[in-house]
Amino acid sequence: MTMQAMIDEWYPVGLFSQLDQAGRTTTLMEEPIIVACDADGHAKVTSGNGRTLPVLVRYGHVWSSLGEPRKELFPIPEADQPGRRFVDVGCVRVRCSPLRAVENFLDIAHFPFVHTDILGAEPHTEVQNYKVEIREDVDEVWATQVKFYQPLAAKSASGGITTEYMYRVPAPTCSVLYKTCPPRPSEWDVITLFVQPLAEDLCDVWPWMALFDDVTSMTDLIHFQQTIFLQDRSILENQIPRLLPLDPGMEIPTRADLTSVAYRRWLKRHNYTYGAQLVAQ
Amino acid sequence: MRSDTTGSWTPVALSRDLPAGTVIPARIPAGPIALWRSESGCPTASANRCPHRGMSLSHGFVRGEALSCVYHGWSYAKAGNCLRIPAHPGLTPPEAIRVKTYAVEETGGVIWVAMGEPSSSPMKLEGLLALRSLTAHAGIAAIEAAAGAKAGPEGLVEPAEGTEAICLLLSAQENGETLIHVLLRGEAGPAARIAASRAAESLRRKAEDLQKKGIAQ
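If you read the sequences in order, they're chains H and X.
For the first sequence, the tail end lands on 281 under the UniProt record's numbering, and the numbers increase by one without skipping.
For the second sequence, the tail end lands on 217 under the UniProt record's numbering, and the numbers increase by one without skipping.
A hint or two may mislead.
[Claimed, not checked] With a cut-off of at most 25 angstroms between alpha-carbon atoms, the simulated SDA-like pairs for lysine to any residue come out as follows:
| hint | chain 1 | residue 1 | chain 2 | residue 2 |
| --- | --- | --- | --- | --- |
| 1 | H | 155 | X | 91 |
| 2 | X | 100 | H | 277 |
| 3 | H | 131 | X | 78 |
| 4 | H | 147 | X | 89 |
| 5 | X | 100 | H | 149 |
| 6 | X | 100 | H | 131 |
| 7 | H | 131 | H | 279 |
| 8 | X | 100 | H | 250 |
| 9 | X | 78 | H | 261 |
Hint data in this document are derived by calculation from the structure and do not stem from the laboratory.
Just need the whole structure built from these sequences, with the hints factored in.
Right, dumping it as structure tokens:
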């Protein structure tokens, strides 16, 4: 197990809106932690042995770290944009590597097969070429000009549209997706995947959204995302091995997987290997 | 039973439990497999892992004469070669993309899978009707003790007393479990089938009790 490089990162550990003084016990990288708020409503995270852990509240979630974060949490400027609705989707526990959960989020080729008639449908299976880069200035993986035909791209979409996506990986277990916003073509809907690593092969996935949608009820928005993530879970819990293989010989990518290839390369470069398998076993 | 299983046949499932156009999980000594039957009726045993992203192929789907992975729809022929990558419909998949496949034979309503090159066909099971399969939380030794008889080289047990109408075909699984295929000898009307099924269940209970008591380790 190699958690050294990842220990100083920020991780989501709960929803700010659900904090209470009694606290909730959860786990971060195999260490039990308690997430609570004090009498003034400030978030507080304590490790099992009573150590006070770093804490911040952003994007609807409480973030913490077992180490000493040297960086601010990555920015999402849209989180401060007026007119957006912020959706705390809640959490889905998945018996898989936190890195596999992120990689699945970066993948569009599975839409017709896993999210059938929602995010994709046969025969519209082709993945057109798109651009992938590691942006050195911000040290993030970016995929742009990703286009895909979707029967029901969002709750606010009526009928099939070709959706454009951009993906960002600003932290080893977090991804931000920018997606065509059906009611406002000049803007992007923002859907994030914040993953809390409980262990190398177990995680809590906290999706969060910042949308332009004044029509759909909060319940329906949450149900839509939960449906999608539960479909993903049926895949993620049946991949072999549970850890993400970083050995190039272990899994065969194709052109549609360029984002995943860049993500794996970026993880390897930074030694972000908590949840990864380095050599074929 | 043999300890060296290379080239020998493992009874993995009953023919009746694998209709055309379906895939089920099964197990051979080499590990889990995806056992599937094409629309035309041909059974195939494929390694369970899609080489693309490691998805278990027993969760996939069968269309025509191919098995497809449920994750990205990559489809594989009976010979194991990749036929199609839906994300790139114009691309002919490279030869290197393939799943391992194993020899399969069906005799007497039982599907047999072999690792390596089997030197002979699986046993014939003449006069026996394949009735049902069940899983016991017990090892082969405990089942042999419960049946009062030893398993033959291909896993066939002919219980000693009281249960002369049934034979058991055993296959070791993960976690100390054993897959039992129940075979019925002679008359096979509804009453005989029900009696045989109950006899097999009581034999399983006996084997599981023996296993728990640690009598047959």
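Evaluation of the provided hints:
Proposed proximity of residue 155(H) and residue 91(X) is contradicted: the alpha carbons are some 34 angstroms apart, above 25 angstroms. Using a Cα cut-off of 25 angstroms, the hinted pair residue 100(X) and residue 277(H) holds, with the two alpha carbons roughly 22 angstroms apart. Distance check on the hinted pair: residue 131(H) and residue 78(X) sit about 36 angstroms apart at the alpha-carbon level, beyond 25 angstroms; violated. Annotation: proposed proximity of residue 147(H) to residue 89(X) holds, straight-line Cα distance about 16 angstroms (limit 25 angstroms).
Proposed proximity of residue 100(X) and residue 149(H) is contradicted: the alpha carbons are some 33 angstroms apart, above 25 angstroms. A distance of roughly 34 angstroms separates the Cα atoms of residue 100(X) and residue 131(H); the hinted pair therefore is violated under the 25 angstroms criterion. A distance of roughly 29 angstroms separates the Cα atoms of residue 131(H) and residue 279(H); the hinted pair therefore is violated under the 25 angstroms criterion. Simply put, residue 100(X) and residue 250(H) have alpha-carbon atoms about 14 angstroms apart, close enough for the 25 angstroms limit, and the pair holds.
About 29 angstroms separates the Cα atoms of residue 78(X) and residue 261(H), which puts this hinted pair outside 25 angstroms; it is violated.
Hint compliance for this structure: hints 1, 3, 5, 6, 7, 9 are broken, all remaining hints hold.
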